[in-house]
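Everything in the sequence shown is counted per this note's numbering, starting at 55 for the first residue and increasing by one.
The hints are simulated quantities; they were obtained by calculation from the structure and are not laboratory data.
Treat the hints with care, as some may be off.
Here are the simulated lysine-lysine pairs, BS3-like style, with alpha carbons at most 30 Å apart [unchecked claim]:
| no. | residue 1 | residue 2 |
| --- | --- | --- |
| 1 | LYS105 | LYS122 |
| 2 | LYS88 | LYS105 |
| 3 | LYS118 | LYS105 |
| 4 | LYS118 | LYS76 |
| 5 | LYS118 | LYS83 |
| 6 | LYS88 | LYS122 |
| 7 | LYS76 | LYS88 |
| 8 | LYS76 | LYS105 |
| 9 | LYS88 | LYS58 |
| 10 | LYS118 | LYS88 |
| 11 | LYS76 | LYS58 |
| 12 | LYS105 | LYS82 |
| 13 | LYS82 | LYS122 |
| 14 | LYS58 | LYS118 |
| 15 | LYS105 | LYS83 |
| 16 | LYS76 | LYS122 |
| 17 | LYS122 | LYS58 |
| 18 | LYS82 | LYS58 |
| 19 | LYS105 | LYS58 |
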Amino acid sequence: MLSKVARNALVGRESHGSRIIKASFETKKEVILKNIIQCYAPTNDSDDDIKDQFHERLQSIIEKCPRKDLTILMRDLNAKVGIVVLNLKLKPKKNWKTGQIAPQRFNTASL
55 MLSKVARNAL
65 VGRESHGSRI
75 IKASFETKKE
85 VILKNIIQCY
95 APTNDSDDDI
105 KDQFHERLQS
115 IIEKCPRKDL
125 TILMRDLNAK
135 VGIVVLNLKL
145 KPKKNWKTGQ
155 IAPQRFNTAS
165 L
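Based on the provided sequences and hints, a complete structural model is requested.
Structure representation (structure tokens):
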């Protein structure tokens, strides 16, 4: 559900399967878009192939966002609560064009 201002600024939306969605909004600077990528990561006990496919798809979507645009990545890490609160195994892959991995394109914070 979007406010009237957000609805008017929305210029595009893309669904990338059941776990990733991207919405693009106009900003006050006409040449810059605000891209919001929301994703729902598979759990750690999911099959490795499913996790790899998810991260490859997410990497591809991020790489297609122009660097001049503001891109916000929101993700549900799908952590399980219990004895182990968060068991995150990152497998960053380098972008062959820039030599950066996806998280390096963003200011990231873990809560």
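Outcome of the hint check:
1. At roughly 29 Å between alpha-carbon atoms, LYS105 and LYS122 fall within 30 Å of each other, so this suggested pair holds.
2. Between LYS88 and LYS105, the direct Cα distance comes to roughly 27 Å. Compliance with the 30 Å bound is thereby established for this hinted pair.
3. Distance check on the hinted pair: LYS118 and LYS105 sit about 20 Å apart at the alpha-carbon level, within 30 Å; holds.
4. Our distance criterion of 30 Å between C-alpha atoms is met by LYS118 and LYS76, whose separation comes to about 11 Å.
5. Note on LYS118 and LYS83: the hinted pairing holds, with a Cα-Cα distance of about 20 Å set against a maximum of 30 Å.
6. Distance hint between LYS88 and LYS122 is fulfilled; the C-alpha atoms sit about 10 Å from each other, no more than 30 Å.
7. Simply put, LYS76 and LYS88 have alpha-carbon atoms about 10 Å apart, close enough for the 30 Å limit, and the pair holds.
8. Taking the CA atoms of LYS76 and LYS105, the gap is about 19 Å. The hint holds against a cut of 30 Å.
9. Taken as a hint, the LYS88 and LYS58 pair is honoured in the structure, with Cα atoms around 17 Å apart against an allowance of 30 Å.
10. With a C-alpha separation of about 13 Å, the suggested pairing of LYS118 with LYS88 holds against the 30 Å cut-off.
11. Distance check on the hinted pair: LYS76 and LYS58 sit about 19 Å apart at the alpha-carbon level, within 30 Å; holds.
12. For the proposed pair LYS105 and LYS82, the alpha carbon gap of about 37 Å is over 30 Å, so the pair is violated.
13. For the hint linking LYS82 to LYS122, the alpha-carbon distance of about 14 Å falls within 30 Å, and the restraint holds.
14. Between LYS58 and LYS118 the CA atoms are separated by roughly 28 Å; this keeps the pair inside 30 Å, and the hint holds.
15. For a cut-off of 30 Å, the pair hint linking LYS105 to LYS83 is broken: about 37 Å separates their Cα positions.
16. For a cut-off of 30 Å, the pair hint linking LYS76 to LYS122 stands: about 17 Å separates their Cα positions.
17. Among the hinted pairs, LYS122 with LYS58 is consistent with the structure: their alpha-carbon atoms are about 26 Å apart, no more than 30 Å.
18. For the proposed pair LYS82 and LYS58, the alpha carbon gap of about 16 Å is at most 30 Å, so the pair holds.
19. Restraint check for LYS105 and LYS58: not satisfied, since their Cα atoms lie roughly 36 Å apart, outside the 30 Å limit.
Checked against the numbered hints given earlier, the structure breaks hints 12, 15, 19 and satisfies all the rest.
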